Amino acid sequence: MANDKSSMQLISRGILSENPIFKLALSMCPAVGISTTVMNGFMLGVAVLFVQVFSSITISLFKNLIHPRIRIPTYTLTIATWVTVIDLVLAAYMPEAYAKMGIFVKLIVAFAIITMRLEMFACKESVKDSFWDGLGMGLGFMVGMMAIGFVRELLGSGAILGYDVLGFKPLLFFILPSAGFFVVGLMMAFFNWIEIYYKRSRGLK
Amino acid sequence: MKDMITIVVRLTVSCVLAATVMGLCFIFTSNAKKHNEHIKEQQVMYELLGYKDGAEIPGSLALHEVYRYVISSSEKQSIGYVVPQGHGEETGFIFVNIDLNGVLIETKPIALSESEVLEAETRNKAVLAAVGPGYEVSFADQTIVVTDNGKRIAYLLGGKFQGFKTFVSVMLAVDPAFTLIGMEILEHEEDPGLGAEIEQDYFKNQFKGKPFEALKTINVVKAPIPADYLKALNGKVSEGDILKFREQYKDHDIYALTGATISSRAVSNGVKGIVTKFSYRVNVLDKVLKEQQLAVSF
Amino acid sequence: MKTLAKIKFIVLAVLLFLAAPLFSQAEGLIADQSFKADNEILVTFTGPVDKAVAEDIGNYTVYEEPDPDIRLVVSSATLNEEGKRLSLIFTEPLNTATTHVISIKGLAGIEKTTFTVSKSYLGYLFGILISALLINNFVFTKYLGLCVFFGTSKKKDTAKGMGVVFTLVMVVSALMSWFFYNFILIPYDLNFLQIVVFIGLVSLTVQAVDTVLRKVNPILFNSFGVYLVLVIANCVIIAVPLILANNNYNIFETFMLALGAGGGFLLALYLMSSVSERMQLANIPPSFKGLPISFIVAGQFAMAFLGFSGLQLF
Amino acid sequence: MSKQQASDDLTTAKAGLWKVSISPHLKSSESVEKIMWTVVACLVPSLILSVFVFGIQTLIITAVSVISCVVVEAVSQKTLGRKVTIKDGSAVLTGLLLAFVIPPGVSPLLPILAAVFAIYIGKHLLGGIGYNFFNPALLGRAFLLASFPVAMTSAWLTPIEGFDIFSHLGRSIDAVSTATPLAVLKEQGMVAFTNAFGSGASLYTNFFLGWRPGCIGETSGFLLVLGGLYLIYRGYITWHIPVSLLGTIAVLTWIFGGESYFTGDPLLALLSGGALLGAFYMATDYVTSPTTKTSKIIFGIGIGGLTVLIRLKGGYPEGICYAILLMNPLSTVLDSWFKPKRFAPPAGGTK
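Residue numbers (our numbering), protein chains in the order written: chain A, 1 to 205; chain B, 1 to 298; chain C, 1 to 314; chain D, 1 to 351.
So that you can see chain A by itself, here it is in the shape it has in the complex:
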């Protein structure tokens, strides 16, 4: 990782070129599981953003004190701590949203994306850069979740953010479990297609 990244670059990298869902293909369980509405995607996105940013900062702050041998356990402990915090906070202040996300908030602890960012970025870079990187990754995750949620909510229940926009429910299929796979698969392919098209038009390949 280069040191001279600006904050904007770090954020845009998380959202676009290294989007955790569509590009890195990490932490896809919730992307398929609970992305039935935009709101669900947003809420889980917020939770992940919180955990990612705080874990990145924590690890970056203490990076010199972490013994290399116990690197992974320390990461896990840090993540678990912040997940517990956001879990308790959500359960207390947003019980309805929390009930919808079910077990997935607790499962943030097992998201590969967070551990990966800690290992690859936060344990080497400064606090400030780690913050921006965490923010970028978290936002990327949130945007991805919301995009999937948008498609599924619109097609599945004819609504966006709970507001009925179509007036009818086009295809119930899209809010069913299995549709998550199709929507994510098709969206990934769509982004790949854009990339291929872009490269071709630039004469790169």
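Please note that a few of the clues may not be correct.
[To be verified] Derived pair list, reagent style BS3-like, types lysine-lysine, alpha-carbon separation capped at 27 Å: (1) A/Lys23 / C/Lys154; (2) B/Lys76 / C/Lys112; (3) B/Lys125 / B/Lys151; (4) C/Lys105 / C/Lys84; (5) C/Lys289 / D/Lys186; (6) B/Lys151 / B/Lys108; (7) A/Lys199 / D/Lys78; (8) C/Lys155 / A/Lys23; (9) C/Lys155 / D/Lys339; (10) B/Lys160 / D/Lys339; (11) B/Lys52 / A/Lys100; (12) C/Lys119 / D/Lys339; (13) B/Lys204 / D/Lys186; (14) A/Lys23 / C/Lys156; (15) B/Lys40 / A/Lys100; (16) B/Lys52 / B/Lys34; (17) D/Lys293 / B/Lys272; (18) B/Lys222 / C/Lys36; (19) A/Lys124 / B/Lys2; (20) B/Lys272 / C/Lys155; (21) C/Lys36 / D/Lys313.
Please keep in mind that the hints were generated in silico from the structure rather than gathered at the bench. Nothing here was measured: the structure is a model prediction, and the numbers come from that model.
Since chain A is already given, all that's left is putting chains B, C and D on it; use the hints.
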């Protein structure tokens, strides 16, 4: 060796730090959580009683919680109720132990405050102390008696029953004659588009206004809902017409959801069970309270 | 595979252990009891009983276990010719999900004979297993463990090995989590620590499996490569303890859930790997190559698994 | 039964597996085209009968389904830069089978959506003809069942009286809908079944000839069996899958289907659902079924077992659609387990 020590020390320190963060967070959020849950529950209750969002709740309205316990020893079982005592000033609760045939065994005061009784653990301990050693107590359910100026206007009953997939949990409101005045589906995991329709107005509202006599034998029919009735169930006609339809269909069976007869039947049987069991119990409890001339708040 | 044989043995042992109470219940006057139709309970006695006593509906007290004060009304009791089979018909349909307690007065000179009727507990346990394995398959209907699922489902051998290791880790860590949850977290009101405790236990188990595997089966160990590490950061494994904590499962139920979840994961991996091998030869549109097509295929599997929805074996 | 044998062979050859000529009855002179069109021809009598059973709208639904499948096939082959092969009849067959497994009372728009799903996502994304793992028509049906659960589980029509084939046109479904025999049996029991459909010999003849509620093409057992037997006679399909599948359903229903063990009605089980259609025309699809004899028999047994499981214990009255979908991906596995001895590589050398 030195490595080992640093590792151990640092791990311990980080564990302690983590525990502090989590512990603090837990302390700060646990009360808020309970508070919010309570508010949410109250909101559902008031909605069932007909006070939708923002409607002003009259001050004369009061909710009294009654807790039911099953008390068992190796030989026999009995039912214990924790009922709020007295009128207004006197706080505290009475524990009423009734045997299976509806005959009073004993009554005992329980010194718990309004907020303490909400805590399941404190309450369980108090009940255990009241029944004495050799008995086991298990919390069964909670009923809310609603009074307006001291006069009973409704009961709120919670319940859970087997649906098509997993459990369906509901809250019902019945008036003192056990006519159903409202139903809310709190939790379910039925199939979207099929069984999940039980939470739709046109299904739930069919139960509204069913008298106890009709509820006792309620069943489902597999037929399409008549178009004008459907409109009324969805609240698309005037208030007066809704009542007219409710009157017209009050003894009619529940129209099953298309493609989800099992879920529909589960709900109607579940509601029937909850209301009939409750009607039996509340009669027993009332009789005992009257015989013993116990002052209760409702 | 040795581990497989071991697992089979453990399953068998547990099943036998669970079946033991069923055999012992058959002692005494009552040989067998079961729900029959909607509103019927069938009782078989060990010997002929007095017809007059058995057919007098006034001698019966029947209630659902959680509601001892609500008596169920028996509308008729009929004994068969032989005097050994009794059919109790009730006025209302029975709620077969709960245990029913039946007492008979004066039967065979005994003042009161009490016994319970319920759906078999073994069946219920088996139901948990089947549910986690097929109906709510962790991959296809709960979407857990997708990273590893897509990562290791390219080759059948890897998939099989990975699935077995997963099942093993899952069962061991779930049982340990159950123990911690019930004897430490709950009594000391430390439930908010569950995430940390569970993930710690999972890591511990993985470490143990890692060490053991390195010694016992180095070939398998090598073929897993980085994935064993991924096991720690995997939703499937951590989900099992969280689910058992949510549902307050007992130790047998926990075991069945973990076994079903692991088996379901193995099944999903195996199915996926068997088609991936074929997929590598196909002319897939370039933008779909790799993950997107795997997702589409997984979606098709998920659709096929919809066929199990609503399955109730017992 | 919808894909090219040729490309299937290509698959196996490319895979570096043994190249087995396991269908000795499949004469090499038979082109894919001819096979496909023959199967289509075998299905047409059932379609014509369904017009007289359920009315003219079955023809409309089938036409919409076939046309949309062909269009989707052509469009997807064009956009993916492949050779357009709509003349080989495989898309027509998929469209026909898709229409055969949906209720006669649904809106004709449904098969269009299902066609997109079945042909594009179910087949062409995976590499086109010969590479799909699941039977496209059944995937389409599963998609419809998930999207329109109410229509797909309740839009059944009662067989019409006389020849008034236009009687169901333009009437709302609620007014005419009924329940399929299996649904009645599952939800209301044998007594209700006898009340609704009668009993004894007339019941079996009615069911065998197709005079009962059901999916468009599944009712006429007689014509389906006739067509199936012709296909076996011509050697386009083998007897293994249909026989083991139907046999398993019959035996298992006989054992578990009644009030007590060994009192089920096996004949009724075969006639009252989509078992015959599934056994002869869906499960035998070249691409999605195994190739060796043993694995074919096991494949059939698996489908039969799953069908009975879903029928008796599952959430749906009929289970053959999902049973075939569940067994489809196993066909390669079965083939690798039961490959003929002489072609098997030495033990331990498998990759």
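Structure-based check of each hint:
1. Note on lysine 23 of chain A and lysine 154 of chain C: the hinted pairing holds, with a Cα-Cα distance of about 19 Å set against a maximum of 27 Å.
2. A threshold of 27 Å between alpha carbons decides the hint, and for lysine 76 of chain B with lysine 112 of chain C the separation of about 13 Å falls inside it, so the pair holds.
3. A threshold of 27 Å between alpha carbons decides the hint, and for lysine 125 of chain B with lysine 151 of chain B the separation of about 31 Å lies outside it, so the pair is violated.
4. The suggested pairing of lysine 105 of chain C with lysine 84 of chain C holds, with an alpha-carbon distance near 17 Å, which does not exceed 27 Å.
5. The hinted pair formed by lysine 289 of chain C and lysine 186 of chain D fails the criterion: a straight-line CA distance of about 44 Å is larger than 27 Å.
6. Distance restraint check for lysine 151 of chain B and lysine 108 of chain B: the Cα-Cα separation of roughly 25 Å lies within the 27 Å cut-off, and the hinted pair is therefore satisfied.
7. Between the alpha carbons of lysine 199 of chain A and lysine 78 of chain D the distance comes to roughly 23 Å, so the proposed pair stays at or under 27 Å and holds.
8. At roughly 23 Å between alpha-carbon atoms, lysine 155 of chain C and lysine 23 of chain A fall within 27 Å of each other, so this suggested pair holds.
9. Only pairs whose Cα atoms come within 27 Å are accepted, and lysine 155 of chain C paired with lysine 339 of chain D is accepted, the gap being roughly 19 Å.
10. Of the pairs offered as hints, the one joining lysine 160 of chain B and lysine 339 of chain D is violated, with about 53 Å between alpha carbons and a cut-off of 27 Å exceeded.
11. Taken as a hint, the lysine 52 of chain B and lysine 100 of chain A pair is honoured in the structure, with Cα atoms around 23 Å apart against an allowance of 27 Å.
12. Using a Cα cut-off of 27 Å, the hinted pair lysine 119 of chain C and lysine 339 of chain D is violated, with the two alpha carbons roughly 44 Å apart.
13. For the suggested pair lysine 204 of chain B and lysine 186 of chain D, the alpha carbons sit about 26 Å apart, so the restraint of at most 27 Å is met.
14. At most 27 Å may separate the alpha-carbon atoms for a hinted pair to count; lysine 23 of chain A and lysine 156 of chain C meet this at roughly 26 Å.
15. Pair hint lysine 40 of chain B plus lysine 100 of chain A holds up; C-alpha atoms about 15 Å apart against a cutoff of 27 Å.
16. Between lysine 52 of chain B and lysine 34 of chain B, the direct Cα distance comes to roughly 23 Å. Compliance with the 27 Å bound is thereby established for this hinted pair.
17. At most 27 Å may separate the alpha-carbon atoms for a hinted pair to count; lysine 293 of chain D and lysine 272 of chain B exceed this at roughly 56 Å.
18. Our distance criterion of 27 Å between C-alpha atoms is met by lysine 222 of chain B and lysine 36 of chain C, whose separation comes to about 25 Å.
19. Pair hint lysine 124 of chain A plus lysine 2 of chain B holds up; C-alpha atoms about 24 Å apart against a cutoff of 27 Å.
20. Among the hinted pairs, lysine 272 of chain B with lysine 155 of chain C is inconsistent with the structure: their alpha-carbon atoms are about 55 Å apart, more than 27 Å.
21. Restraint check for lysine 36 of chain C and lysine 313 of chain D: satisfied, since their Cα atoms lie roughly 16 Å apart, inside the 27 Å limit.
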